[in-house]
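Visitor: These are the residues of each chain, in order.
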Amino acid sequence: AQSVAQPEDQVNVAEGNPLTVKCTYSVSGNPYLFWYVQYPNRGLQFLLKYITGDNLVKGSYGFEAEFNKSQTSFHLKKPSALVSDSALYFCAVRDDTGGFKTIFGAGTRLFVKA
Amino acid sequence: DAGVTQSPTHLIKTRGQHVTLRCSPISGHKSVSWYQQVLGQGPQFIFQYYEKEERGRGNFPDRFSARQFPNYSSELNVNALLLGDSALYLCASSLIGGAETQYFGPGTRLLVL
Chain A
1424 AQSVAQPEDQ
1434 VNVAEGNPLT
1444 VKCTYSVSGN
1454 PYLFWYVQYP
1464 NRGLQFLLKY
1474 ITGDNLVKGS
1484 YGFEAEFNKS
1494 QTSFHLKKPS
1504 ALVSDSALYF
1514 CAVRDDTGGF
1524 KTIFGAGTRL
1534 FVKA
Chain B
5 DAGVTQSPTH
15 LIKTRGQHVT
25 LRCSPISGHK
35 SVSWYQQVLG
45 QGPQFIFQYY
55 EKEERGRGNF
65 PDRFSARQFP
75 NYSSELNVNA
85 LLLGDSALYL
95 CASSLIGGAE
105 TQYFGPGTRL
115 LVL
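Line by line, the protein sequences are chains A and B.
Take the first sequence: its letters are residues 1424 to 1537, numbered as in this note's numbering.
Take the second sequence: its letters are residues 5 to 117, numbered as in this note's numbering.
To be clear, the hints were calculated from the coordinates, so they are not data collected in a lab.
Do not take every clue at face value.
Said to hold, decoys possible - Keeping only pairs whose Cα atoms sit at most 20 Å apart, straight-line, the calculated EDC-like set for lysine to aspartate or glutamate is:
1. B:K56 <-> B:D66
2. A:K1472 <-> A:D1518
3. A:K1524 <-> B:E55
4. A:K1524 <-> B:E58
5. A:K1472 <-> B:E104
6. A:K1472 <-> B:E79
7. A:K1524 <-> B:E79
8. A:K1472 <-> A:E1438
9. A:K1524 <-> B:E104
10. A:K1481 <-> B:E57
11. A:K1524 <-> B:D66
Bound-form chain B, shown alone (with noise of 0.2 Å):
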């Protein structure tokens, strides 16, 4: 079975920019998972997405936003690109949230200009 998958793999932009990143999840998984991860430090947890709905939000600010489709892929928008928005951009799936375990993607690698 294929794993988490993430487009794209690296991505440039400038200051002010919008960007998305899309994740999908393993087949049969409906809940992702989104998180930055700065380098030298662990993840951050971003959002939480179960069954299309927002079910968990870590401590960023609203121009971070993101949503969940009905085959369970999922997009991050960040709006108005700052330079410390450069990072690792993971993606995470789950059968359901809770105790179950998340299985990460290769990440997609976003530097801010």
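Looking at chain A on its own, in the form it has when it is part of the complex (with noise of 0.2 Å):
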């Protein structure tokens, strides 16, 4: 059975310094996986995602992630935080075996303090 996990429910990082948000998963067959990230009151919008190729997936808002298969993570990274960066944020995994659920973790609060 697919499912994601995110260790942390809160990461706090001072502007300016590197973050990393991680995200562990478990599927059948070979992952998709996915970043999104979540405002207040919004839905959630699209950051990146991994389906094949290089292992380091570089984003939006310069956000970039690390696809590794045999640890089977897929930490989110940002060299230079922004106070802006605030909010939450989801792994989501599908594999493709043909099915078509998407699996996301439970999410992680990201504080970035000027």
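Two chains, two frames, some hints: make the complex.
Guide: Written out as structure tokens, the structure is:
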């Protein structure tokens, strides 16, 4: 069965410092991995995805994520955090076995302090 | 281009009532998915429809049903509402399915009293 774990409920970082939001997954086949961000009272906004190819994926707003097959991880990173990055971040996975079910993690709240 | 739209934005119902939520996908997108997001949790998959057929179903009771129309818009119906159905209901559209990116609407916030 598919599953996603975001081990940290909250991540605190100072503005200008690098940030990492962690995600690990479990799927039957090959994974399709996604990161979304949610601002208060808003829907989810797509940041980036990994389907195949380079393990380092670059996305919107300077975010990137590294796919690690051996560790079944897909951590979200940004070299220099902004206060405006403060939001709720979700990792999601879907597998390539033909199912249409996308599983989301519980979310990680990112606080960037000025 | 317009994004995914959902209606209504907010809704208050009482236990036992029925509710219908509506979603219009991005133009050209043929797949619509529905998710339930309870406060403090990640979105939970309810249904995915592609070309008007159900292609995936999450672990939700039969009180939840959906359909997709020829213009690819979709409705989510919930019967016999329970207090625990109070949540943000999100609709997402994609070109097809599989590896395609899903784009989310702003959601419908349902409160069951």
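Visitor: Does each hint hold? Answer for all of them.
Guide: Each hint tested on the structure:
1. B:K56 <-> B:D66: Judged against 20 Å, a Cα distance of about 19 Å means the pair holds.
2. A:K1472 <-> A:D1518: holds, 13 Å
3. A:K1524 <-> B:E55: holds, 16 Å
4. A:K1524 <-> B:E58: holds, 11 Å
5. A:K1472 <-> B:E104: holds, 9 Å
6. A:K1472 <-> B:E79: violated, 28 Å
7. A:K1524 <-> B:E79: holds, 18 Å
8. A:K1472 <-> A:E1438: Answer violated: A:K1472 to A:E1438 is near 25 Å, above 20 Å.
9. A:K1524 <-> B:E104: Holds, at about 12 Å.
10. A:K1481 <-> B:E57: violated, 34 Å
11. A:K1524 <-> B:D66: holds, 18 Å
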